[in-house]
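Protein chains in written order, with this note's numbering: chain A, 10 to 215; chain B, 4 to 272.
Please keep in mind that the hints were generated in silico from the structure rather than gathered at the bench.
Do not rely on the hints blindly, as some may be mistaken.
[Claimed, not checked] Here chain A is said to cover these stretches of chain B; the calculated rule only asks that three of the stretch's residues, wherever they fall, bring their Cβ under 8 Å from a Cβ of chain A:
1) 154-167
2) 257-263
[To be verified] Derived list of chain A stretches under chain B, where covered just means 3 residues or more per stretch with a C-beta under 8 Å from a C-beta of chain B:
3) 50-61
4) 72-80
5) 84-90
6) 138-150
No residue lacks a Cβ here, since even glycine has one placed at the ideal position from N, Cα and C.
If you want the building blocks of each chain, they are given just below.
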Amino acid sequence: MSRLCIENLSTALLKNIELEVAAGECVCLSGASGCGKSLLLRAIVDLDEHDGEVTLGEQTCSGMPADQWRRRVGLLPTESFWWHDTPQEHFSHDDLQNVILATDWLSRLGLAPAILQQHISQLSSGERQRLALLRLLANQPEMLLLDEPTSSLDPDSISAVESLIKDYQKHYQAAVIWVSHNAAQASRVADRHFIIEQGALQEQPL
Amino acid sequence: MNMVLLSTFDLVLVALLVLALAVMSNLMALGITRSLIIAALRTVIQLLLIGLLLKFIFSSTNLVLMVAVVTIMLLVAGREVMARQQHRLKGWWGFGVGTSSILVSSFAVTFLALLVVIQADPWYEPRYLLPLLGMILGNSMNGVALGVDRLTHSVITLRGSVEARLILGQTWLQAIEDIRRDSMRTGMMPIINAMAIAGVVSLPGMMTGQILSGIPPLEAVKYQILIMFLIASSTGFGVMTAVHLVSRRLFDQRQRLHLDRLSRVYTNK
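Build out the structure end to end from the sequences listed, making use of the hints.
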């Protein structure tokens, strides 16, 4: 149950970004390719150098070790990367038993448990994208930064992913920043909608 | 037992072989002809110079002179490590990391051998110090260059995975552990292979040299074992140090991956 607060955040592309996302609120971000949406998310997880401060609840980003910060502020990048042979190896034993197999998340996303033992190269991009979401949720982050989480999915999977994220958001009272190019999706999932233009945020009607 | 002495004609004959290789590589457009010829020329010039120098050095046991020679050897080795990197760390790091890793491992191992094992008098007796250090330095340099090159190359290729691991909350050390392990293995593989086949497939150079000059084979073998072990430990510790230093340098205090600290350099143009 933490509020995200971005104060005066600047990078090469972004100028003095100010944004507050309440616990349990979802904010949608759009903007032309290359406008800095992904860079904003990367700056929030402290993966790129930036000025300004990001606070989650009472804790500042600069005040805690980067690995712990990133665990709390869950980022789902557009492209998913895998470094072991099967999805299963990317989960810790506990996460697999207590979260992934203990919840109905797999089946809600239309995935059978057997997929966890398949070789990564045999999975479609849509399967990888959904598995990457599960890999992130297994960490149980306090907030979610989602970079086009449904870009490679068919309509059924899109609504499955949207509904799972909505439930996670509600259950954990997580703040969510959702990058999407789709205005209809924005109005379905978001409470507020912003466009990044010339390095600044501009609020849009939903 | 007298040694057969080589004439200049003998060497020219063998040089023709290298020339033939250069012509072939050129025909096959391997892009290494220039490097091959330059390396061959360097071999001739550098060895002739060191031959002359050794003649002079062996006639005196002067500590200051030794230190000077050894420093030059180290600096050249460090520069060579850097020159062999396709992507090297920018600034002084590129030179410093390789050089310091080689310095620590090679010198520690060589001094250990000279002081404890060989116990030459004085310990910096050039007849022992220089060949020993030369072999250890040369091999460590190879290992370090291979290991570091593998590291930087892998980090660039696997950047997405490394960052994905950071994003999921792994520490920089966890995010790069596979690459580090792989790079250390790569750096150590040549010496492990060399030890594995020593005496069966290849007769190591030093031993061959000693046997050619009339030393009883078993005495030569003992020296060769000593050398192999010294080389293996020096290479191993050097590779570990270098891979650690470079991988540490690729991340900042906030555990961000900094590929901008690498410059792209094409060797063998």
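Against the structure, the hints come out as follows:
Coverage of the region 154-167 of chain B by chain A holds in this model, with 5 residues showing a Cβ closer than 8 Å to a Cβ of that chain against a need of three. Check on the region 257-263 of chain B: 4 of its residues sit with their Cβ under 8 Å from a Cβ of chain A, so the three-residue criterion for coverage holds. Residues of the region 50-61 of chain A with a Cβ under 8 Å from some Cβ of chain B number 5, which satisfies the need for three, so the listed coverage holds. Proximity of the region 72-80 of chain A to chain B, defined as three or more residues with a beta carbon under 8 Å from a beta carbon of that chain, is established by the 6 residues found.
Coverage of the region 84-90 of chain A by chain B holds [criterion: at least 3 residues with CB-CB distance below 8 Å; count 5]. As drawn, the region 138-150 of chain A meets chain B at 3 residues by the rule of a beta-carbon pair under 8 Å; at three or more, the given contact holds.
Hint check: no violations occur; every hint is consistent with the structure.
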